[in-house]
Amino acid sequence: MAGGADTAPAPASREQPRGAAPALAALGGSRGPLLVTVALVAAIALALIVAYGLHDTAQRAVNGLVSGSYFALGAVGLTLVYGTLRLVNFAHGDLLTFGAYIAFLVNVTWGAPLVVAVLAAVVATAALGVLSERVMWRPMRGRGAGLLQLMLMTLGFAFVIRYGIQMIWGTIPRRLDVDVTGSISFLGLRIGRTELIVVVVGFVVLCAVGVMLRRTSLGRQMRALSDDMGLAEVTGIDTDRVVIATWIFAAGLAGLAGVLYTAAIGTLTPNLGFFLLLSLFAAVILGGIGNAFGALAGGLLLGLAQEWSTLVIDPRWKVAVGFGILILVLIVRPQGLFGRKERTL
Amino acid sequence: MHAGTRSRWLLAVGAIAVVLGAAGCGDDDDGGGGGGATTGTGAAAEAPADTSFDQTIGVLLPLTGDLSPFGAPGRKAADLAVSQIEGATRAGGVETTVSIESADTESSPQAAVQAARQLISGGASCLAGPWASSETLAVAESVASRQETPIVSPSSTDAAISDLDDDGFVWRTAPSDNLQSRALADTVEEELGGTDFTLSLAARNDAYGQGFIDKFKTAWEEKGGRTTGPVLYDPEQPNYNSEAAEIVRGDPDAYVIIDFFETYGKMGASLVRTGEFDAGRLFTADGLASDRIPDTIPARALIGARGTRPGTPESGAVVEAFGRLWREAGGAPRQTFDAQNFDATMLCYLAALAAGRADGPGIAEQLQAVSAPPGRRFTFMELADGIRMIAAGEEVDFDGVTGPIDFDENGDPTAATYEVYRYGDDGVLSVERQFEARAAAE
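Line by line, the protein sequences are chains A and B. First residue of the first sequence: 0, per numbering that gives the first Met the number 0; consecutive thereafter. First residue of the second sequence: 0, per numbering that gives the first Met the number 0; consecutive thereafter.
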């Protein structure tokens, strides 16, 4: 069984593409590393509390939680697309940007309430994802395109989206009709009101996606595709439908992430998603590719590491600390914290 | 300065641009003495100079791209300078002719290098421009000192330009950020009524922010003030909650934050969210100066904030004369750094006249001499007298529309006009006063 995740044999997961057993196994398999991770984080937190006091440590943890939910929310679509379709989507960051600009159009240009803008962004971005599948990815898969071609196409798609946005809206920073300066104080800890919304929505959405993947038949089919698309098709799964569903989820969530991110930080530029993309990849890889809970954990760890590091060293190095930890984790666990060991191609 | 941000920003857009940018910085110019080693100020030819030569002044302009708003006014300023020169040569008793060739830098370092090469091969002996600091750095390293042709930028304020190993071929009529950081320290002292205060320092972590805040810290501590920080922050991060907490920690008497609007939208929001930030105690610089607070910035992060920015003198005979000249010529309206380009073009000619020949090394050798003391001071209003004095081999000190200029060893103006501005409750910027800042004597 996929017990000690280090030794999880690939065929084990492959022989049971459906049924509840693999889901349970995956849960069980992630318990070991989860415990180790939690223990490590707790130890670091304790050390920081001793050295810098409870309040500062807790406040930085809150800040880390906020950054972490940005990363996690953006990363979940990335991990879905890679997990299901084996597509390294460099355009994912720009899907976030696209969603944010659709929200800008609806919220600011047309003056509709933010909730409507969020819905419009999700729908429009999901539609863009499906369109890209129909126009680019499906024909390319049909012709047996290699990994490199697909990757370069996603990179090209990213540029097309980004410069398309620049063509329409220009490069000057824009903002949504949201007050980003309001904050809430709780037990002496402060968190921005819009930030709190992102954290809550991030957690709910990610857990929902995680449960969907494990409990629903669509989720099981998606995971079957991720194990072996050909085999899934042979067993009677309507792969086309599942792939479209994957894109609707992945791109729709990217649109949602783009709007929420913008609503929390205040400004948006055509480079918003592009600058975030590397952190999203880091969250995905840290948590384990193709795993929604992994994206959540990876994002939070990255955020915590970055913000806690500002207690110890100059804040301008916080990005390096985050990615340094990514490298360390990967040396110990190449498949990421909660990932399954994969066959190399 | 704005030029700096924008092109920096563009650079970040894609890996390709980054790679090209790195390639541009990679080729260091070949050796040579440090700084701009021009000879002493007394060098303005003892013997009467040869006063019959034809000079082509090249003008590098951002006619397209991010900085295109500066292109047409820049061109007009250079044209005005040349028509002034033409009008004064006869009265000044010299037989020089001056013509202008301009080329588009497309607001990009690569295109600027291309344009500079094109102008030089077309016979230009001195270039006014380029505009963005990134363009100036690129042209300085790959064209100016190699082809021994001086460039005089009207608008590059990056402090790094001072320290270029340029053999004396890189000049500018815009003041260095070094000068502004000292001017800001003076302003803070005056506004607070002393230096017995603790300032919390912060800046975006790039050449502009870090260079500025380090110089400011030194200047403030030399005055006897105390500082905390600086907190330097990466401009591409999603939020700055932890950084903002560091900045407001310990209730400092004032904050000094050096940033651009793109990043300050996020930093400002984080600062306000700390609940302890008071923008009335914030001092900043030209990077956050705009006619009114842009709507991407939370108003509470800037209302009441004060800062410095380079200005041109608003009053005085020279300034008024230049304004009149500009209006009468019709065409493009006034624009920031137009007068700096007028002065740059003027200096190209005056230095050639002092050298007695229109060639790059000769001009480079005379630029400091004609712009700085000792010598009789004159402005473009007394251009004919100035030309006569130079032709007679006398020492002169040209004062520009933008101020006394007085180039130092590095090719920077040692004096410049700064404005102290403040954002009112309605978010509108008002200029409270102007002053002239001078570089401390070395």
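If you are wondering where the hints come from, they were derived from the structure by calculation, not from laboratory data. Treat the hints loosely; a few may be bogus.
[What the hints assert, rightly or not] With a straight-line Cα cutoff of 20 Å, these simulated SDA-like cross-link-like pairs (lysine to any residue) come out:
1) LYS214(B) x SER161(B)
2) LYS216(B) x ARG315(A)
3) LYS216(B) x MET139(A)
4) LYS222(B) x THR194(B)
Identify every previously stated hint that the structure contradicts and give their numbers, smallest first. 3
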